[in-house]
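Chains A and B are the protein sequences, given in the same order.
Numbering-wise, this note's numbering comes out as the position in the first sequence, counting from 1, plus 138.
Numbering-wise, this note's numbering comes out as the position in the second sequence, counting from 1, plus 1.
Source of the hints: derived by calculation from the structure; they are not laboratory data.
Keep in mind that the hints are not guaranteed to be accurate.
Straight line, CA to CA, 20 angstroms or less: simulated DMTMM-like cross-link-like pairs of lysine to aspartate or glutamate [claimed, not checked]: (1) B:Lys154 - A:Asp358; (2) B:Lys154 - B:Asp234; (3) B:Lys154 - A:Asp222; (4) B:Lys154 - B:Glu86; (5) B:Lys115 - B:Asp45; (6) A:Lys190 - A:Glu324.
Just so we're clear, the structure is a prediction, and the values are computed from it rather than from any experiment.
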Amino acid sequence: MTLPSPLLSAFRQALSEAWAGGAGVLLPFGFFAGTAVLVPFTMGSDPDLLAKIGPGVLWLALALASLVTLERVFQADLQDGALDLWVQEDGSISQIAAVKTLAHWLISGLPLVLLTPLLGMMLQVPATQTVPAMVAYALGGLTFFLWGGVAAALSASVARGGLLIALIALPFYLPTVIFGTLALDEGLGGTSILFLAASTLFALGVAPAAMGAALRLAAD
Amino acid sequence: MWSILANPHRFMAFSRYAVPVCYAIGTALFGWAMYQALWVVPSDAYQGGDIIRAMFIHVPSAWLCMGLYLGLAGSSFVWFIWRHELADIAARAIAPIGAGYTALCLATGSIWGKPTWGTWWLWDDARMMSVLVLFFLFLGYMALRAAMETRQKAARAGAILAMVGAVNVPLIKFSVDIWSSLHQGPSVIRAEGPAMAAVYLNPLLISFLGQGLIVAAMVFTLMRAEVFGQQADALMARRLSEG
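Please construct the entire structure, taking both the sequences and the accompanying hints into account.
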């Protein structure tokens, strides 16, 4: 099976853009690590306290780090005209949006997940939580990018839409944060991780269609 | 009934009389409910004494802000599918009123919560969080519309956001329900009938009806103002083109 070419090219373009600019991967990475490292200085270094708040701090850092990069995801495509070409492809704009979001998650979501064991260790998170935490952060990060992608697509034509994206995306982040935090307490055997996965699937079903409609609007 | 009103001329003819009638009946009902609430209804020691009187504003405002979001999502859907201009005007009019009502609900809830729970704000409470989420949904909707360059784009973007929000609301509600709750269970709508004494229930329902009519009148007023504004723009454009 071969992928239709616009999807593949959109995927390739997203990956190469991330490396070309240099900061594409490093910005959310640095933001995430920076937030997590600052926390012990603001909250105090008591190991018991850190172990208690550590997983939550990483959720917060992940949600904020996802917002940092969303502004540029579709705006660049609008400015260089790629979006106009995609809209002309019959009916594939939603799929392209999904592929772009997936690429975006690979570039600026997955590296953060790979970093969490290290940061978790520094924040005294118990080692038994490491694997469930990584699964939850991976699922949660993808959900953040899907809903955040809807907000980014809606405000693609707005100059300096960063605040707007954050305001729009905030309510949609709530279920992920709640299920994600509960999943860390319950581990992989609990129900919350299933709810988290279900909300990710729900986002996968709904968000691409909404992004497609919003991108068609932005290209007009 | 609504398809008849989709015609702007019929809507204007209808709302011309509906607005004052809704305001008058709504104010009368709400006034009666407030009289009952402040002077007639006995204070309830279990609910913190006289503070129970806040319920007659708080509970209807909570119902209304949920109803207003449904109205926003519904009219956005109608506009997105059928492109009825009036549906977008309705969505645009509902948003600020909905934001105001969610703010009112949160404020009265805080005032009620302070003596009964001992705190102004409680993150653990599922219903409080749901209303807060609604507040942000309304704010995001208004901010997005305000950021768009043209009316048409604002309408499309707003409709997409309102619909995505509406399909997410059950999920958000479910997730915050899992968050533990200090609130009492539902006491008005239950399978075995209302658990509330009639002396409380009647003013509550009348207050809801009165506030609902006032909200409808406010929405119609904003919609009429918008239609008049568009007519004025069209008139101005014609004058300018004629020179």
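Against the structure, the hints come out as follows:
A C-alpha spacing of about 9 angstroms is found between Lys154 of chain B and Asp358 of chain A, which places the hinted pair at or below 20 angstroms, so the restraint holds. Between Lys154 of chain B and Asp234 of chain B the alpha-carbon distance is near 18 angstroms, which keeps this suggested pair within the 20 angstroms criterion. Restraint check: the Cα-Cα separation between Lys154 of chain B and Asp222 of chain A comes to about 16 angstroms, which is no more than 20 angstroms; the hinted pair holds. At most 20 angstroms may separate the alpha-carbon atoms for a hinted pair to count; Lys154 of chain B and Glu86 of chain B meet this at roughly 13 angstroms.
Restraint check: the Cα-Cα separation between Lys115 of chain B and Asp45 of chain B comes to about 16 angstroms, which is no more than 20 angstroms; the hinted pair holds. Under the criterion of a C-alpha separation no larger than 20 angstroms, the hint pairing Lys190 of chain A with Glu324 of chain A is consistent with the structure, at around 14 angstroms.
Taken one by one, the earlier hints all hold for this structure without exception.
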